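J.: Here's the letter readout for the chains.
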Amino acid sequence: MNLKTEVLIIGGGVTGVGISRDLALRGIPSVLIEKGDLASGASGRNHGLLHSGGRYVVSDPEAARECIAENRHLRKIAPQCIEETDGLFITLPEDGLDFREKFLRACQGVGIQTTLLTRDETLELEPELNPNLISAVKVPDGAIDPFTLVLENAKDAEGHGAKILLHTDITSLILDGDKIREVRAKDLLQEEEYNIEASFIVNATGAWANQFLKLAGLHIGMALSKGSMLITNQRLNHSVINRCRPAADGDIVVPNHTVSILGTTSIRLEEVENFGVTGHEVSLLIQETSKMIPAIQETRLIRAYAGIRPLFQSEEKGNDRAISRGFVLIDHGKRDGIKNLITITGGKLMTYRLMAEKTSGLICEKMGKDLPCSTHLKPLPGANRPTHLKERLKQFSKEQGETLCDCEFIPRKEIEEVLGREKLKEFQDILHRTRLAKGTCQGGFCAYRLFGVLHDLKMADGDTNKILKAFLEERWKGIRPILWGTALKEEELIESIYKGIFNL
Amino acid sequence: MHYDLIIIGMGLSGLMAAKTAVEAGQKVLLVGKGMGSLCLFSNTIDVLGNLPNNIKMKDGLFQWIVDHPKHPYSKIGLEKIEEALSSFLSQFPPPYSFQTIDNMNCLLPTGAGTLRPTYLIPKTMVEGTRVDEGNTLIVGLKGFKDFYAHYVANQLKCRGINLQLHDLSYQEITATALARLMETKSFRERIGSEIKKQLQREAKIGLPALLGVHNPMEVKEDLEEIIGAKIFEIPLLPPSIPGMRIFNRFKEWLIQKGVLFLLGYSVSKATTKGKKCEGIEVFHPPVTTSYSADCYILATGRFVGGGLKANNETIFEPIFNLPLSQPPSREDWFRNSFFGDLPHPIYQAGILTNASFQPVDERGRLTLENVWVVGSILAYHHAIDEKSREGIEIATGYRAARHALEK
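Line by line, the protein sequences give chains A and B.
FYI, in our numbering the residues of the first sequence are 1 to 504.
FYI, in our numbering the residues of the second sequence are 1 to 407.
It is worth saying that the hints were derived from the structure and are not from the lab.
One should not assume that every hint holds.
What the hints assert, rightly or not - Cβ-to-Cβ under 7 Å is the rule here; a few derived chain A residues that face chain B: (1) E402; (2) D456; (3) A487; (4) L488; (5) G500.
Remember, it's a predicted structure, so these values are computed and weren't measured experimentally.
Ideal Cβ positions, reconstructed from N, Cα and C, are used throughout, including at glycine.
Start from the sequences and build out the full structure, keeping to the hints where you can.
T.: Structure follows, in structure tokens:
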């Protein structure tokens, strides 16, 4: 099998699928290849914060301006991925009022709507907040489900003719003068290699940008900044809670469905592989976020995870929080003399659509075509689907079969539908597309049941315990840092089941 | 009320201690929050499952004791371990009795289709020790989410079927509900005839371990007669119905022997004076009652049972605040890999005792003279990896009660 297309996109994060959709809506054919599953990098490992821009408004007004514009677009095109919670920037006694004044002025400057709330008004909205707070500024922050956002962009792109190939890596590039003529791709599950010929190649690999560029002998200045987050077992806040002070470790708590996500840290990494959350980071996040929400001290955590922010830097080093969160679009024709290669990196989940628009715009320009962008106008396909728990519970009727996941209320029928609808290749792919294994037990029970269902449906055969063990090993990375109290008790239960009863 | 002996915790070690004391004519109070890990993980009696193949348990234990001087088994000695196991066996006369296969570990199929070594097995599982490819049919039930016949059958290279229970009005059925249904003749006839219809040339049938709580052998024999093939039970996810059988057998017998059996009650406080425990307070909302005894046995289990607790810095024992052996910091509790070659250090943490199972501090000095500590809460074993959970519970419960009696 050899493929030929107009644009080859490397990377199945939100930027990659955003470009895939943008090009598809403009009528330009493309192929996207991703070495793992969709959203397996930073796109699936972040806060899930729908920025108002408030977080950057003082340090980087340009990034804030992009955020608020995209915030408005995303509410229109992806309402199914968004919970309109609003956000509060709270001022604690030790923060002083100087920053608050700067913050209010800066918000006004870029057009972020603000409401100043008194202590009592704030506590009425958010009773779990530290009662010593002075005031809060309300901004249009929100919560966004990045997995669904990525999946829906991909689905819409495919619906408009784009091709998306998962579990496919690139092994080499075939250069022809000032162009990359072909890319050698490898299907990692089938162990099959083939060539893809494309007029343009877009490197949308995020933190992996230099790994790809290395194949072409290129390198760009990038800082890899690890951000770690913790998930609580219950939701502690209605709205997004930020500290009203310059961004620092452990100053944000984002609600997400039935949980809250505590973030973040910022640690420079040299490599993109093998990063985990340390015990020190866990303690730091609890210590800092509990200054805003004291109940965090006593709350059970269910998982720790980290993502890598690909920060573009013009070579000099410094504090990662000071490097712009803005994105960069590199035309390697101008920079390095490879005419048909483009790198899009830096940026953030929030600006993925804008990044895709600029990238696709550059391609159109190079093609000499005048095709307008419409991704900010056309809603994603699932825009009318109910997503909230209340709606899901209503659908919970007798015909749904057993509840496979008791933490997240997932009936067997829902899983069977996903298995029937999507062409999934790996166990983790199934977990990415459902809420299975996202709840309190983190798949301790339902992963086993999912294997049971797969065997029942003849979608699994032979010895699948190897895959079950690999899942439990992966799960371990997320829970090992947070094991004490009730979580530890449950871990003894899980270990007694898998190593004890099942002798795995 | 004053007793000769108060036992805190009614898992297998607490039950064995109570049995041992009551057989010696003691006045015993047994108090427990729940049924312990017995009803979660215990299907059979593990003694030392990680022994090499084809070694007699006696020889394996002998060598283990030589190699692991701090292990609870080494404090008991081979002879007394065997005495304790005999005492346990005597509690289960036929029809639901336990046995070994040639005094060695045997391999039993599990709900994940793996084979698992264990020592004493109930009669309902004996046929499972010899599962040959193709001669066994694994049977599951639609609507029961904790056992998957095809999953098990595919690993064991056998055939699996799922029975549809059409007239059940539930969309989901639990292990305990199924076990109770199995005790009804009409249900057995229905599923028995359905299995018989679907039977091809298989000589054996593996069912999830749900063949009734009260009379499993009657359920088994009745089904065998209907189907015309041998049946065995396969251990599965918790709760463990075979564990409940063990619990119920002890409970009925102990109550009959005059033991005060306070199930569902937790000990809120222990009063100590110098090196003596003077009494405990039992909290059963909204009432708190005080009890005292000459001797006390702590059998509260590990983290699942609540015998050990951990905050984000340290592990502690909540009732007596007894000294523990534990890793220096939280970073050392667990290894980086879940399925590593070595067990996680936290699971070897536990209460320090002398050779008589009395609590001691780091320097080996006795901390409480009239308290004994038994079961999985003890330090220096790794019941999960060793597959020694029930053996340790039985042997230490028995042995510590004996020590308390001698006092």
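J.: Which hint numbers does the structure go against, in order from smallest to largest?
T.: The structure conflicts with hint 3 only, although it agrees with all the remaining ones.
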